[in-house]
Amino acid sequence: MAAIASTEAEIGAPIIEMRKVDKFYGDFHVLRDIDLTVSRGERIVICGPSGSGKSTLIRCLNQLEEHQKGEIVIDGTTVHAKLKGIEDIRREIGMVFQSFNLFPHLTALENCTLAPMKVRGTPKAEAEATARKILERVHIPEQAHKYPIQLSGGQQQRVAIARSLCMNPKIMLFDEPTSALDPEMVSEVLDTMVELAESGMTMICVTHEMGFARKVADRVIFMDAGEIVEMAPPEQFFSAPRSERTRKFLGQILHHA
Amino acid sequence: MSYEFDFADVFAAWPELLQGLFNSLVLSALAMAIGMVVSIAGALGKTSGPKWLVWIIDEYIELIRNTPFLIQIFMIYFGLPSLGLKFSSNGAALLALVVNVGAYGIEIIRAGIESIQKGQIEAGKSLGMRPLQIFRYIILKPAIQAIYPSLTSQFILLMLNTSVCSAIAASELTAVAGDIQSRTFRSFEVYFIVTCMYLGLSVFFWSVFAGIERTFLRKPTR
Chain E
703 MAAIASTEAE IGAPIIEMRK VDKFYGDFHV LRDIDLTVSR GERIVICGPS GSGKSTLIRC
763 LNQLEEHQKG EIVIDGTTVH AKLKGIEDIR REIGMVFQSF NLFPHLTALE NCTLAPMKVR
823 GTPKAEAEAT ARKILERVHI PEQAHKYPIQ LSGGQQQRVA IARSLCMNPK IMLFDEPTSA
883 LDPEMVSEVL DTMVELAESG MTMICVTHEM GFARKVADRV IFMDAGEIVE MAPPEQFFSA
943 PRSERTRKFL GQILHHA
Chain P
1431 MSYEFDFADV FAAWPELLQG LFNSLVLSAL AMAIGMVVSI AGALGKTSGP KWLVWIIDEY
1491 IELIRNTPFL IQIFMIYFGL PSLGLKFSSN GAALLALVVN VGAYGIEIIR AGIESIQKGQ
1551 IEAGKSLGMR PLQIFRYIIL KPAIQAIYPS LTSQFILLML NTSVCSAIAA SELTAVAGDI
1611 QSRTFRSFEV YFIVTCMYLG LSVFFWSVFA GIERTFLRKP TR
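Chains as they are written, first to last, in the numbering used here: chain E, 703 to 959; chain P, 1431 to 1652.
Derived from the structure by calculation, the hints contain no laboratory data.
Stretch by stretch, here's where chain E covers chain P in the computed footprint (C-beta under 8 Å, at least three residues): (1) 1541-1553; (2) 1558-1568; (3) 1571-1579.
Cut-off 30 Å, straight-line C-alpha distance, at most; resulting in silico cross-link-like pairs (BS3-like, lysine-lysine): (4) P:K1548 with E:K826; (5) P:K1555 with E:K835; (6) E:K784 with P:K1481; (7) P:K1481 with E:K771; (8) E:K722 with P:K1555.
Glycine included, C-beta positions come from ideal geometry on N, C-alpha and C.
Using the sequences plus the hints, can you model the full thing?
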């Protein structure tokens, strides 16, 4: 566990390493030979057509999906399906889902304090103080006592981001966080994510928001058919993609932008 | 019709009737409380236990749901002593009621658990919560909210089933009524009053269930 306790001093050191990772659903080869190293503080955007394996890739990092071949190392610990104490790894990795997945029977504040209290053993008063601070950071302190059903989609997603941040994670994963939102709510969630990126959080975002990618990404990855087809800094990715498949994909999604 | 209604003998037996009513109420409430624990534990075992446990729970449910309640009581009260397990009539009644309601309760709560979206569990996992924590803090309450009407209907059936326990002379309302009736021969009068008392018990339990829902299980509205 020494590696988990590593400090901010190691900015730039790898925090995620995927080596030759393969994943299958039965006969279907979802991830093919994935090699990816992410450094502390790095911001990665992954895009690609649906079914290309981009969500599966980030879900393997916290083992919501298990991989069959290759190695995934998170902050010094090799993770796999049978790992005892996978919970200790997961609590360091925040995850934001397309469909928010807030707990409907808990208020925004309770959504944010549940895991810190039950998983980290934080006293209630302290967990609430932290949660309020973070709800303020995502610009919805006044919604603390509302239930998810009483919030707009954009507000729900910001509560979901706050809920993850309350665990003080080292890494944040975003799985198409704006895809289920009405168009007018996309920007409030993206603004929150940009602010988070500026704070130095290590982030991997599966998204088709290319404006966001240009603004914050250190590297943009294009996936197709379970492979990483292209990986480049945004300037190069958007202006001079090397692969024909990337060019075609960008042509399709940027056409209407 | 020449029958003359005479409630005097029955009214004279008020203390007995009230005692029977009270015993039925306590028997029902105890069986509901213990049955709830059995149902939750069984549903947890059935949805996430190992295969052998799921098999045992399934067999238990099938056995209970496909045999008459009266036979289950007789089995426990008259049958089990042959194996060295002896119960008082009230103890056997409570056990039979719990065993019976558990089989139905497990299936009801299982349905509630299965109505919870997978994303809820994934959110709990991604926050580092352990399986039992996810069950207790994320799944259980919404699951019970989802099936609360079925569960409470089952509990009312349980209360009505306590009358069957008179067959082993448990000291509940129907047994008391039988005693009074055989003493006074005022069958109509006794059973009229007992019918009203069961109706009263139902109203009482329905209002308790509604109170529990209002206090602990209210769903937020827009």
